[in-house]
Amino acid sequence: MPSWLAVAKNEYRLMLSGRVTRRLRRILPVMLVSLVVVIAVALPLVSRFLFLELRVREYLEDMLTLPLRPDPVLSLFIVDTSIVLRMGAISGTLAFVIPILVAIGRQLEEVEVVSKDVVLSSPLKPVHVIIGEFMVNLIMLPVILLVSTIMLVPVALTFYLTFQAVALILTAITLACLTGIWVAVIASTYLFTREPTGKIKSALKALLGALGVSMGIGILFLSMSVTPPNLWFLPSLWVASIIHFAATQSNITIIKIGFTYLLMPVQPDGWTSFILLASLFVLSFLMGAVCLSKVNFTGIEKKEEALIVKKENFFYRAIRRSLPSPLSVVTVSQLKEFTRRTDNIARFLSVIMFPVIVLLMSKMMQFDFTKVGETLVSLASLSGFYFVLAGVILPMMIIPYIFIDTKDILWTIKKTPRGVKLLVYSMLAETIILCVPMSIVMALLFYLAMWSIGGNPAVFLAVMLFMVFVSTAIATGVYASRPVFKEKGLGHFVNFVITLIATGLVVSATFILLVIPWIPNLLVAEPLIKAASWLPQPTSTLVSQAVAFLLINAAPKDPFIQIAGAVASFMLGVVVAYTSIKRGTRKLELYEG
Amino acid sequence: MEAIKTVSLTKIYGSNVGVENLNLEVFSGETFGFLGPNGSGKTTTVRLLNCIIRPTSGRAKVGGYDILSESEKVKRITGLLPETPGIYERLTAHEFLEFIGSLYDVPQPILKRRINDLLDFFELGDRGDELLEGFSKGMKQKVLLASALIHDPEIVFLDEPTSGLDPVSSRMVKDLIKMLSSETNKTFFICTHILPLAEEVCERIGIIDRGQLKEVGSPEELKEKYGAKNLEEVFLQVTGKNVTKDMIEWV
Chain Y
3 MPSWLAVAKN EYRLMLSGRV TRRLRRILPV MLVSLVVVIA VALPLVSRFL FLELRVREYL
63 EDMLTLPLRP DPVLSLFIVD TSIVLRMGAI SGTLAFVIPI LVAIGRQLEE VEVVSKDVVL
123 SSPLKPVHVI IGEFMVNLIM LPVILLVSTI MLVPVALTFY LTFQAVALIL TAITLACLTG
183 IWVAVIASTY LFTREPTGKI KSALKALLGA LGVSMGIGIL FLSMSVTPPN LWFLPSLWVA
243 SIIHFAATQS NITIIKIGFT YLLMPVQPDG WTSFILLASL FVLSFLMGAV CLSKVNFTGI
303 EKKEEALIVK KENFFYRAIR RSLPSPLSVV TVSQLKEFTR RTDNIARFLS VIMFPVIVLL
363 MSKMMQFDFT KVGETLVSLA SLSGFYFVLA GVILPMMIIP YIFIDTKDIL WTIKKTPRGV
423 KLLVYSMLAE TIILCVPMSI VMALLFYLAM WSIGGNPAVF LAVMLFMVFV STAIATGVYA
483 SRPVFKEKGL GHFVNFVITL IATGLVVSAT FILLVIPWIP NLLVAEPLIK AASWLPQPTS
543 TLVSQAVAFL LINAAPKDPF IQIAGAVASF MLGVVVAYTS IKRGTRKLEL YEG
Chain A
3 MEAIKTVSLT KIYGSNVGVE NLNLEVFSGE TFGFLGPNGS GKTTTVRLLN CIIRPTSGRA
63 KVGGYDILSE SEKVKRITGL LPETPGIYER LTAHEFLEFI GSLYDVPQPI LKRRINDLLD
123 FFELGDRGDE LLEGFSKGMK QKVLLASALI HDPEIVFLDE PTSGLDPVSS RMVKDLIKML
183 SSETNKTFFI CTHILPLAEE VCERIGIIDR GQLKEVGSPE ELKEKYGAKN LEEVFLQVTG
243 KNVTKDMIEW V
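Chain order of the listed sequences is Y and A. Position in the first sequence (from 1) plus 2 gives the number in this note's numbering. Position in the second sequence (from 1) plus 2 gives the number in this note's numbering.
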């Protein structure tokens, strides 16, 4: 077996080493490629079948609901094509950015845990490792193609996608994906051979985290934005232009604004984008090949250096003074253990990207001149959503990492007289101490992002702190109940979902109490009204009217009721938090015993 | 007086037996060696006696306290060096010992003195302010040994105490056990694979296999009973393990 294949096989096995995933090792690539082929063939066929029917139905619906439309016949032939650009931008972002995030992320994890002695002592050449790494990452290509083709279904329903168009789209996505994988593998090799210091690694982790968060938020905003942002230099938007050209056979996009249409040139146009993408692909491979010739695996082992810790600073001294002993000592120890892992801090700080991106996007959307009213509602609901998400995620950037690699120390702590109770409370204190300053900054940034809609900075701050406290307590309780000690693991996702749902329910209950006559009410109301529209009549109307009634009339005007509501919300949060901590402590005491 | 007494102590994990009907007595001030092959139930016994896990059935008293109803009292009078030692690598040795000492409510002035004494004893006095991540395995083991003694426990459980230690450090640990055993009235419960260690420091020895206690007695008694030259022969006979000498042809 060639060495590069051995490396690829080993990496593939590591990738699918879970209890469930290891059973999929043989079938997964075949399954993915088959699915891509089936969808790629089905898209033009389905598109051809649905194309006319859909257009006629749309026309008839428009004729019925909008009898005053100036030129309904013309509208039959003019379709809003900006949706293709938006979908294309999302596909392009997935195709180009995800391989980079995944490949570098995997390598960063391995750099920490895998001893390289085994590799270094074997007669392996750098090029074998790099090709092996590249090969194993190719598994992402069918995944990306699959996701992209599924995302193109709405496009296929609106436009007639030919086989050639589908081929062009898949080629563009493949080029972007391969370029992303190659760039990431070269960057990974750099990490592998240069053995970066802890600080560089932490910075890279923070950068990856920030990139991931930005991409997630950016994608949602892209899908909400009506006019495509003019970011011509991004490979993701080249993919969007190619998809737009393939679907519409035009380099002019049509934006529907009420009853009129706006024509805008797509920049860069489809073919230019394709040339740019192909050039990037060729250049990245050539540059990668040049870099490969300079890679050397010898002499890269990290030097063991003792790190002498200086005298305790004011921060820790203040905690020691403000908390009772021994909680103070344990909390300080926990804090030191967490904060001295610089990658923990980097990950934790990457949450700040939530309000930063929301702030940037909100500024961009305010200039989105086409649908001002709708944009404001979208901005409010999206920003509100991220406001809650950031509040929940912030403690989740600390608590899981307190548990990683601490299974053995848990036995030591379980043996002590107070058992795990002291540990759980110190974790709670630690998380709150770290989260409070971040909450203040995030609340202010969210306020700046949403100030045009309304609200009071004090309310933003109070709600953010409330969410963070509740989320911290729930997450601590959840992790104590279901501890996960490995960095990789499905358990983290399950715990995150449980925390998200539990905190979401408490926060929603608070909003539903309408103690805060403020825009997040929309957060509950808007999805409810939208969901109600799917219900059969008359239930749909009744639910929508009930929500609207509550929204308009049920907000307490009496200050006494407002205070009572605030107290009720606070109590609800305290009860849920206390119950969660209590349950978590009990469960952790019984862990594996 | 018994420091440890178990009556039909049993722990079952699903379909696996951890410990079955363990009846054991360890006397106060005694150094007791607990031997057994891998997976025989040594660590499970130690965890049960330290109230880390709960027995499926049976009873046990440690220092006169019941492990189920008086677990907090048991924990206060025992010290444990676990088999798979956990350590906060981003703390210094000094900070880690302070952390463990605080968990046992050792008053601060006493704690500071003990930390310095223990670090000096283990020849880590000048490295107390270094992060533990930079320590070798043996040095970490020394810190963990110190953490098991930081609250001056009456009964000390040591699970593989010399694991990862160089001969000098290993000698130091043996001397420490002997010294503490003779000069203080501490009881030591030592789980080990290193039979010369058990032979040298333990007054009595228990051999456990597949969750069941097979033999208890002093090293001399056991050697006499089995007509063995050393403890290794006793161990192999009791556990029924024989070394096969089939050599692989190509080696």
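FYI, nobody ran anything at the bench for these hints, they're computed from the structure. C-beta atoms are modelled at their ideal positions from N, C-alpha and C, and glycine is treated no differently. Do not take every clue at face value.
Here are the computed lysine-lysine pairs in the BS3-like style, where the Cα-Cα straight-line distance is at most 30 Å [claimed, not checked]:
#1 A/Lys114 with Y/Lys313
#2 A/Lys75 with Y/Lys589
#3 A/Lys225 with Y/Lys409
#4 Y/Lys313 with A/Lys139
#5 Y/Lys584 with A/Lys63
#6 Y/Lys589 with A/Lys176
#7 A/Lys114 with Y/Lys589
#8 A/Lys227 with Y/Lys409
#9 A/Lys63 with Y/Lys488
#10 Y/Lys490 with A/Lys176
#11 Y/Lys409 with A/Lys231
#12 Y/Lys313 with A/Lys142
#13 Y/Lys423 with A/Lys75
#14 A/Lys114 with Y/Lys490
#15 Y/Lys423 with A/Lys176
Partial pick of chain Y residues on the chain A-facing surface, computed with a CB cut under 7 Å [said to hold, decoys possible]:
#16 Leu18
#17 Gly20
#18 Arg21
#19 Thr176
#20 Ile310
#21 Pro328
#22 Val331
#23 Glu339
#24 Arg343
#25 Asp410
#26 Lys416
Each pair of labels, with its calculated beta carbon distance range [said to hold, decoys possible]:
#27 Y/Lys490 with A/Pro169: 35 to 41 Å
#28 A/Glu125 with Y/Pro31: 30 to 36 Å
#29 Y/Arg28 with A/Gly88: 34 to 40 Å
#30 A/Pro169 with Y/Ile310: 26 to 32 Å
Worksheet item: Which hints from the list above does the structure break, by number from lowest to highest?
Response: When the structure is compared with the hints, numbers 3, 6, 7, 8, 9, 10, 11, 14, 15, 16, 17, 18, 19 and 28 turn out to be violated.
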